[in-house]
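In case you want the letters, here they are:
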Amino acid sequence: MSMLSRVAERVYWLGRYLERIENTARLVSVYGNVLLDLPSPAKLVWESLIAITGSGEDFASRYSQADEHNVVRFYLTDRANPASIVNSADNARENARTVREMVPSSIWEGINDLHIYLHDNVDAALSRRGRDAFLGRVIESCQYLVGCMAGSMSRDAAYHFLRAGRYLERADMTSRIVDVGTANVFPWGTGGRDESGAPRESDPYESILWMNVLRSLNALQMYRRQVPERICAEEVVAFLLQDENFPRAVANCLQALQSCLRHLPRNEAAVNTVTAAIGHVSQADVGALLKEEGVHDFIDQMQIEFNALHAVINASWFEPQA
Amino acid sequence: MKFSWQNYDSHGFYDELIAERGSARPAGSAVAKHIRSLTMDEIRERQRAAELAVKTMGITFTVYSEGTNIDRAWPYDIIPRTISGSDWDRVEAGLVQRLTALNLFIDDVYNEQRILKDGVVPRELIVESGNFRAACVGMRPKHGVWAHICGSDLIRDRDGTFYVLEDNLRVPSGVSYMLENRKVTKRVFPELFAADNMRPIGEYTSHLFAMLASLSPRTGQRPVVVVLTPGIYNSAYFEHSYLAQQMGAELVEGGDLFVGADDCVYMRTIAGPARVDVIYRRIDDLFLDPEVFNPESTLGVPGLMRAWLRGKVALANAPGAGVADDKAVYTYVPDMIRYYLAEDAILPNVETYRCGEKEPCAFVLQHLDKLVVKPVNESGGYGMLMGPTSSAEERQAFARLLRANPRNYVAQPLISLSTCPTICGNDIEPRHLDLRPFILQGAQHYVTPGGLTRVALKKGSFVVNSSQGGGSKDTWIVDCP
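Chains as they are written, first to last, in the numbering used here: chain A, 1 to 322; chain B, 1001 to 1481.
Watch out, some of these pointers could steer you wrong.
Straight-line Cα separation of at most 20 Å, EDC-like style, residue types lysine to aspartate or glutamate; simulated pairs [to be verified]:
1. K1370(B) to E1351(B)
2. K1055(B) to E109(A)
3. K1055(B) to E305(A)
4. K1055(B) to D90(A)
To list a few chain A residues with every Cβ distance to chain B over 12 Å, as calculated [claimed, not checked]:
5. Y63
6. R128
7. C148
8. A157
For each label pair, taking beta carbons as the anchor points, the in silico distance ranges come out as [unchecked claim]:
9. A1093(B) to D90(A): 46 to 56 Å
10. R1044(B) to N218(A): 27 to 37 Å
11. A150(A) to K1186(B): 26 to 36 Å
12. T275(A) to Y1382(B): 53 to 63 Å
13. A1210(B) to E319(A): 54 to 64 Å
14. G136(A) to G1425(B): 36 to 46 Å
15. D1479(B) to R262(A): 52 to 62 Å
16. D1263(B) to R262(A): 34 to 44 Å
FYI, nobody ran anything at the bench for these hints, they're computed from the structure.
Glycine included, C-beta positions come from ideal geometry on N, C-alpha and C.
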């Protein structure tokens, strides 16, 4: 039986919100740990985290300084931040509640469980001591849900929309993290410049920077197996954008998205759009882009393509016909 | 210290579990015995586990006008209410008899109107009723059935006799909570199930689906059945989504459906329009079709009545079925049973005064302090007067309402609802309850073994509605050896 357009849209957003919760939890967790590695003033590290999600203005309008406490609050408990974990969890649950008949009850219960846990424990996560356990549990719950979906859902339209939402959200997050990594906002490694602003030969913290970028995507180990040499910008950026096998690399996400869309009816426009995006990512010359400082513009272009992808998915399946 | 039933006293009300001091009724003996083997701390621990299970399972209900917190955990008490199988068999026969007669009545009212012509039920009571739908006149739904799903509220008097308090024929709700209560009990009190031989209830949704499928206007293919909900803000949304999920049916909102040029109903899907055969609608008649009823309605589907009248789609319950769901019409149900079936009612009605008639009305006005007065057309316990607990001012104000529109009211003596042991803080105390079984009628009948037991959590209160602080219990029909 075919799926209601309204329901398809809800399922797609459920996939996006769950992925957003996990990504945000990972980011905050890794940043907490980076602090311990670094000599530089901590404050700046937290500012760079705000930059990743493009929330600088929103943050500045409500907080006087980007210190650890404020930034963590912004991402975990801030009701006014639409992308905070508590808001994403509410949205995920609300979407799940309207599509309960589509997902196995173990998933509905898992989402409720996550929701209850979040609301009961999020305050403890504001302290550095409680944070790791909290974020670990949140990430685990998200992974549990992904596992439940893989293990218990028929490969029907609901499953494909759920995954389509997940992969588009994931591609978007990875591209943002790469963008920030190359955009000189990290205080401890810049790819690098000296005091006068001139490019530096080598930066002592560059490898720590990229190591943490990889960590925030849970990619360090997989990267190491793929690229045994020293960790450097060109290899990492190429890995995170173009690797076809790592599940958080942009190219892999887009290919997964493409295979979801291929299973859906009336998919021509959407499949064409994602195929074009895959071509742009895989054909990019990362080395040249880094040299010309063109990574930021390139990622801007990718973000435009992600928006176009969302729009074509919306027009193909969610907007009412007849 | 283990819990003891010695101090449990239901003060003369019929208690479902404990017959007299300390000794359990046969159907409840295993439950009572098990509770006796626990300490109060252990019992409360189970209750807490149950409350967590309710939250995790996402069993919720919604209270109107509560701002942003629209979704509340369902109140549930772990001590089951037990009824013996032999008592139940009689109730079941009574419910089938009742719904059969009610459907014959509705079909008659929209067609020949024999019962009105014969003066058994006053014509003006029906045709002037706010629940009579002129648009339905002449319609003959499949099987002659209009009310496919009925929820009847039963109570037990001091001697344990079951009475019917009302029949809900429009969009009765609660069945999902009945099913979920059983699951919660299994989760937190599994050892109770070992001792007893209780009737299973889990098949309800299969029967519901089969009944709905039997209404399909198209034959020869698997019918497309959908559940039509007003949406997430409706108080019964949990149930709509639950039933759709359990039946494997689509849960649709008005905006998901449209009526095509061929008068068939379609839903908007990712693959384009798909035809719908049967709609289990959970929205009121007046919101079903803005072309025929409330033109402001955005919940319904323009043209839906046209599709139904032309036999292109089945609606359950049928529009207009509510004509028999009114507290004034209720008083005639025993007469209907005699008229259509030539039988006496197996289940008695509660004695009811029709305020629309002169003498009963005068009697009611004189005895407001002893009676419960209800508007004929409300549900959920809204707009009623509880005489015995009311103040003189409340009675005066209500008398004015009653005199202004006597036909809008009926009155009943305060019936002593039966009780059941319920966890109240640190103790187990008797609390009053009612019972809503669900009856299906399509080509055949089905009655849920038991039903939804609602319990008034406040001491001495008879108000069991969840919207007014009521709770619920798992209900067991126990076959005693």
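So, against the hints stated earlier in the document, which numbers end up violated here? Violated hints: 3, 8, 10, 13; rest satisfied.
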